[in-house]
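Engineer: Those protein sequence lines, which keep their order, are chains E and L.
Mind the numbering: the first sequence is residues 1 to 430 in this note's numbering, read in order.
Mind the numbering: the second sequence is residues 1 to 430 in this note's numbering, read in order.
These are computed hints drawn from the structure, not numbers from a lab.
Note that beta-carbon positions come from the ideal geometry of N, C-alpha and C, so glycine has one too.
Keep in mind that a hint or two might mislead.
[Said to hold, decoys possible] Derived coverage of chain E by chain L (criterion: at least 3 residues anywhere in the stretch with Cβ under 8 Å from a Cβ of chain L; other residues may be distant): (1) 34-47; (2) 50-59; (3) 215-224; (4) 303-314; (5) 368-376.
Number of protein chains: 2
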Amino acid sequence: QGTRDHAPAQAALRERLLSAVVSCFKRHGAAAIDTPVLELRETLMGKYGEETKLIYELQDQGGELLALRYDLTVPFARYLAMNKVTNMKRYHVAKVYRRDNPATTRGRYREFYQCDFDIAGQFDPMIPDAECLKIVHEILSDLQLGDFVIKVNDRRILNGVFAVCGVPESKFIPACSTVDKLDKVPWEEVRSEMVGEKGLSPEAADRIGEYVQLHGGLDLIERLLQDPKLSQNKLAKEGLGDMKLLFEYLTLFGITGKISFDLSLARGLDYYTGVIFEAVLLQQENEHVEEAVSVGSVAGGGRYDGLVGMFDPKGRKVPCVGVSIGIERIFSILEQRLEASGEKLRTTETQVLVTTPHKHMLAARLKLISELWDAGIKAEMLYKKDPKLLKQLQYCEDTGIPLAAIVGEQELADGVVKLRDVATREEVRM
Amino acid sequence: QGTRDHAPAQAALRERLLSAVVSCFKRHGAAAIDTPVLELRETLMGKYGEETKLIYELQDQGGELLALRYDLTVPFARYLAMNKVTNMKRYHVAKVYRRDNPATTRGRYREFYQCDFDIAGQFDPMIPDAECLKIVHEILSDLQLGDFVIKVNDRRILNGVFAVCGVPESKFIPACSTVDKLDKVPWEEVRSEMVGEKGLSPEAADRIGEYVQLHGGLDLIERLLQDPKLSQNKLAKEGLGDMKLLFEYLTLFGITGKISFDLSLARGLDYYTGVIFEAVLLQQENEHVEEAVSVGSVAGGGRYDGLVGMFDPKGRKVPCVGVSIGIERIFSILEQRLEASGEKLRTTETQVLVTTPHKHMLAARLKLISELWDAGIKAEMLYKKDPKLLKQLQYCEDTGIPLAAIVGEQELADGVVKLRDVATREEVRM
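The whole structure should be built from the sequences, with the hints applied where relevant.
Structural biologist: Structure follows, in structure tokens:
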């Protein structure tokens, strides 16, 4: 349940998609790493808050207690700490596992790919953070998924808001996870959860409401930097100062048109410590599809300066910022779009089919195809002793093979091969 | 235990290796499929004989009972049956899991990659089987692993041998698994296991010994086809007839020089029904390595005509033949060889580092690198506001970046960039 096989057409589409994403990661100078699908259970515990219950655990087999990885970020942090790496730009494309309720039509599975790019190391502020946003911008543009916006916020600004609104520090995390729902439910509902379930005072909730419904650009940052309350809060001031710097860099990258500083963005996971961001598609370009897929967020990430330290025996921190591309959701869109277009994706790369017009030519075909393979040419033949020419040409058309190399007795006697362009039916002897 | 992280250098080496293998699979017209790492536990049960105890099972979480896949063959057969596919040439490169005793120096892990190529469908005899052997030959030649031999046998010939030697049919499988040990222990030991543990008569064991110590080529096949006892056995006759055909095709492929018809080859798994084969390296090319790694078999496979039927509700069979490349053992060899050579594999593909010779040029660098990325050029910069030029050039040398694009105030004023070849120190303004 919640997993799927990929038939050749899907595997080919996925290869195309992953290769676009990996190209971008390589364009930004990232190296690949790989980690096991299995992690020690204790490595994953205490990293995902409420979501811990979704971790797949293996049977106790009298050795180590193991679990399937839940994401690629915690294994990366574990890798950095274990190998005492303090400086690395890496990407990792691999499957992760969540015992969630699957919603397969919307691209939500229990086994799914993640495509992560992260920059670890102590650097000047906001330069790696800006690059992560540039990467999201490049990938979503390359894939032509339609209009999108990348929402940006900072955990320090959110915590500053909570502080100046009179929320006790112990309630920052619950308040944060309530704010996170603002992209799905109206403020009134969020407010009543804050006051009811989370136990904030109605006055605090109202004050929070004034802030978290704001979104804009550099102008909003400037306004909040002048805000009499927020400007007095150390965390918020730091966050806003960095946000201003980030926008400066994003302006140089020429991508602020797609960026929205959005105070309602909170992100679920506990480990973020600074900038956070999330990309959403604004509308589906699905003219040909009857029912558009609702996909929500297609990329997200942020800064997590404390996670590596949790795995280091001496607690040494390695600041990190990274982004994860929501490849399954994008795959769902591309799959639907392909289906609607009626375009047929080739599932093989075969260049030439070795064929014969009549019987008793198997030896000649085997000899020729072997020469082609040895010359690095992608070649196939039908696994029949005496196939009909029509069947062979039909196979070319069905599978998109552009050329047929024909060997008959005449060709054999003349020491030539007849090469036929399957589409135009033109033939040359060579 | 028995798993490992891949650091960038290892990940790069593995990418190179997998890409050589996948190129070969694509050259032979295979399509990719993908299946989940998780399978229903019942899918895996009863397929691996004694090895079933090595399957990793997941905790019972109140839903389906799951396990990690043990190989890629059983999931492929399950895929064919589930989707009623009767004709397919596919490859699959993915991780599999075995709760075995790891021997990591010899490339034996609990999590490891398999690279499988299989041809499913009803075809004329031995044509797909010959292609599988051609693929092994191409891959081992391409990778320059040194001299190798591909041992070939047929389960029908082995069973025929057992029959004419007076082994009751119920003891074919135990006899088979005992014969399989002949590559590791001398005949005397195998014989005593047959007579002792497996309960064969000493006479039967002696008669088997005369056959299974034979190996050769077409001449041996011809001799056995004339063998007064074997030629009377239907199974053996079929197997020998097909073996002769196989050698005919392999002669056309020009690869019989590396093929040995070896009656001691038995292969462990139960599901083989016809041709079986296994490639072994004859010697290590490890002049520079003090202690050569003993790697054993580096590829293996065979025909399994009954496996798909086990997953079909009506038992409909789909004949299959396939090969699995032992990528971890090959990886161990390449890793040791690389280490011995002192060659440093680049872990990134960055073409140019955007640098500056003095302070206050961050904005110019960000603008330039953004243009490069948008033009599809692989570019990096140091994440520092004011890095020293020497440090920047050092970074190029450390990571193998061939070019440095230098922007200083003069260049900015002139509207040019200075492009420096890191190795030759030549510079051009452009």
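Engineer: Compare the structure with each hint and give your call.
Structural biologist: To see whether the hints hold, each was checked on the structure:
Judged by the Cβ-Cβ criterion of 8 Å, the segment 34-47 of chain E is covered by chain L as claimed, because 5 of its residues qualify and three suffice. Judged by the Cβ-Cβ criterion of 8 Å, the segment 50-59 of chain E is covered by chain L as claimed, because 4 of its residues qualify and three suffice. Coverage of a stretch by a chain is defined here by at least three residues with a beta carbon nearer than 8 Å to that chain's beta carbons; for the segment 215-224 of chain E and chain L the count is 0, and the condition is violated. For a cut-off of 8 Å, the count of residues in the segment 303-314 of chain E with a CB near a CB of chain L stands at 0, and the three-residue condition is violated.
Counting residues of the segment 368-376 of chain E whose beta carbon lies closer than 8 Å to any beta carbon of chain L gives 4, which reaches the threshold of three, so the coverage claim holds.
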